[in-house]
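Undergrad: Let's have the full structure, built from the sequences with the hints guiding it.
Residue numbers (numbering that gives the first Met the number 0), protein chains in the order written: chain F, 0 to 294; chain V, 0 to 294.
What the hints contain is simulated information worked out from the structure, not anything from laboratory work.
Careful, some of the hints might be misleading.
To be verified - Chain V residues, not near chain F, derived (Cβ > 10 Å throughout): (1) Thr4; (2) Ser88; (3) Pro102; (4) Leu128; (5) Gly129; (6) Tyr153; (7) Pro157; (8) Arg161; (9) Asp197; (10) Ala201; (11) Leu217; (12) Asp219; (13) Ser235; (14) Ser236; (15) Ala263; (16) Gln290.
Claimed, not checked - Partial chain F-side listing against chain V, Cβ under 8 Å, derived: (17) His108; (18) Arg135; (19) Thr189.
All C-beta atoms in this analysis are idealised placements derived from N, C-alpha and C, irrespective of residue type, glycine included.
Take a look at the letters that make up each chain.
Protein chains: 2
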Amino acid sequence: MAVATARLEGRSIAEERTRECAALLARAGPGVRPATLASVHRPVSGPFELYRRRQQKSAEALGIRFRDEALSGTSGDAELYERIRSLASDPTVHGVIVEHPLPAPFDFHRAVDELPVEKDIDGLSTSSLGRLVSSRPIHVPAVARAAVRIARHYGLVPPGERVAVIGRSETVGLPLAHLLLERGTDATVTIAHSKTADLTSAISGVRTIFSCVGHPQLLDRSNVPRGAAIIDIGLSSTPDPARPGRSLSVGDADAAALEGWARAITPVPGGVGPVTVAELMGNLIDAWARQERVA
Amino acid sequence: MAVATARLEGRSIAEERTRECAALLARAGPGVRPATLASVHRPVSGPFELYRRRQQKSAEALGIRFRDEALSGTSGDAELYERIRSLASDPTVHGVIVEHPLPAPFDFHRAVDELPVEKDIDGLSTSSLGRLVSSRPIHVPAVARAAVRIARHYGLVPPGERVAVIGRSETVGLPLAHLLLERGTDATVTIAHSKTADLTSAISGVRTIFSCVGHPQLLDRSNVPRGAAIIDIGLSSTPDPARPGRSLSVGDADAAALEGWARAITPVPGGVGPVTVAELMGNLIDAWARQERVA
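TA: Structure (structure tokens):
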């Protein structure tokens, strides 16, 4: 008999993380600079725009100052690097996020590598990634932290058990694999990707699937092992059949097809998304506490 | 009927890599500084001692200058960092290797992070590891390069197919997993380790196993899928039954037990070892060519 698939909501986990942030912020003594986040981006609309608006809203709800560092429409890459160098050396700024991906001639890696690792709250600089590999992370990409927090909250990564990460991007899949492999979490991790010859057999036998491909309906009964849980990190836009001209956010899992088959799925939207924003604020508050010596 | 297990020797692959190095070295024009490798270590015997002697021998056979930078028996960590800073800024030195692991109070990460990424020919600094994650490596740990070179030479990593890496060290297992996942190699990679609950099922169905645990007889017919190939990166010392008081180098695979079961195994010694030293020389020659602008 088919058992209903659990919907793993992220909102309450995000709220809990946000309360931790608020509690740490409240410990600031006199003379401590207010926690400040700077967002560097080009003034164009795109996927980063939505993420940025959410960051701003969450930051302001927590009392974090949000500095919108939009580049002018005519800025070249030299102006970008100079802007980041200036934020890097500004003691009133505790964390900096750089729009990703950036089109040419902007070099994202060169840009974030201008940041000291303490201010790279997105965890994507060369030093941040290198520290993650050698188990000495300062900041880890918020989306990877969010996926692991949800999975742990629901008991989906028992030590030593097999999990799958689908997607090998340096921004999501690979940092996530490292977090899952860390001592203390100890997952046995299979990393699959767009060139995987046989996804079904690659993930056969895994308990939990972390999917971060951005390919709607990638996961269904044909490839998900029966009873597996899915942490759905994919995010795509598709036309909304109910509202012509509007679009819907969808994940990698075909939730309707997997109902009664998967043990549990994080919904999109409402699963990994809200926890990611909360984790990013957590990274900023950690950066602030470290730089302002708030313990 | 059992088919004989192929012995994947490394020596001819090492010789080919060494010929490439010699050809590149021969392109040096007048005024180019001779390729120079510095080895920083404590004057004690241990596993690094054997590796260092092999480096020295291979370097000298190629005409690479080998600088033995032994610390004094009483050196503290400040002396170590100062020594490395001095080599980092010395234009006559093209690559530096630091003994690993280093005991406390020496901080290996802090030491190698004094090197510019171009001179970190062992590929273990924070920047080197971070660049590897984001697919922009300068130097990759020689042992990982060696394992992949052997596997490719024998056609053991068809794109998209499943392989396993057993071991999650920052020095071997994790860099190796990244190399295997790189675009162009495109393996589907399962990373198992000491806390893996069920190794047999975790690696069931994989074509090729890269084992870097250092646990003699870890792999036998009970856990290796029939017909799998094994790249044996493990290295342990065991007493030699034929010569009391002497020891033998052995890998992770029980080669006798796997005869007629595994498709192929790299022997220990004589498999990954010689190729690793050749790859390290390759890294040094690449570093020299880059710094001396030899193309």
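Undergrad: Now, for every hint given, state plainly whether the structure supports it.
TA: Against the structure, the hints come out as follows:
Once the 10 Å rule is applied to beta carbons, V/Thr4 is consistent with being away from chain F; the minimum gap is 24 Å. Listed as outside the interface, V/Ser88 is consistent with that label: its C-beta sits roughly 20 Å from the nearest C-beta of chain F, beyond the 10 Å cut-off. At roughly 17 Å from the closest C-beta of chain F, the C-beta of V/Pro102 stays outside 10 Å, upholding its exclusion from the interface. Against chain F, the non-interface label of V/Leu128 is violated: not every CB pair exceeds 10 Å, the least being about 4 Å.
For V/Gly129, the requirement that its beta carbon stay farther than 10 Å from each beta carbon of chain F is not met, with the minimum near 3 Å. Distance check on V/Tyr153: its Cβ is at least 19 Å (rounded) from any Cβ of chain F, clearing the 10 Å threshold; non-interface status holds. Listed as outside the interface, V/Pro157 is inconsistent with that label: its C-beta sits roughly 8 Å from the nearest C-beta of chain F, within the 10 Å cut-off. In this structure V/Arg161 is not separated from chain F by more than 10 Å, as the shortest Cβ-Cβ distance comes to only about 6 Å.
With a minimum CB-CB distance of about 8 Å to chain F, V/Asp197 fails to clear the 10 Å threshold, and the non-interface call is violated. The non-interface label for V/Ala201 is inconsistent with chain F: the shortest C-beta to C-beta separation is roughly 5 Å, within 10 Å. For V/Leu217, the condition that its CB be more than 10 Å from all CB atoms of chain F holds, with the nearest at approximately 15 Å. No Cβ of chain F approaches the Cβ of V/Asp219 within 10 Å, the least distance being about 19 Å, so the stated non-interface status holds.
At roughly 22 Å from the closest C-beta of chain F, the C-beta of V/Ser235 stays outside 10 Å, upholding its exclusion from the interface. Its beta-carbon lying about 26 Å from the closest one in chain F, V/Ser236 satisfies the requirement of being farther than 10 Å from that chain. With a least beta-carbon separation of about 20 Å from chain F, V/Ala263 lies farther than 10 Å from that chain, consistent with its non-interface assignment. With 10 Å as the threshold on Cβ separation, the claim that V/Gln290 sits away from chain F holds: the shortest Cβ distance comes to roughly 20 Å.
The interface hint given for F/His108 is met, as the beta carbon of that residue sits about 6 Å from the closest beta carbon of chain V, less than 8 Å. Taking 8 Å as the C-beta cut-off, the interface hint given for F/Arg135 holds, the closest approach to chain V being about 7 Å. Against a cut-off of 8 Å between C-beta atoms, the interface hint on F/Thr189 holds, since the closest Cβ of chain V lies about 4 Å away.
Violated hints, in rising order: 4, 5, 7, 8, 9 and 10; the structure is consistent with all others.
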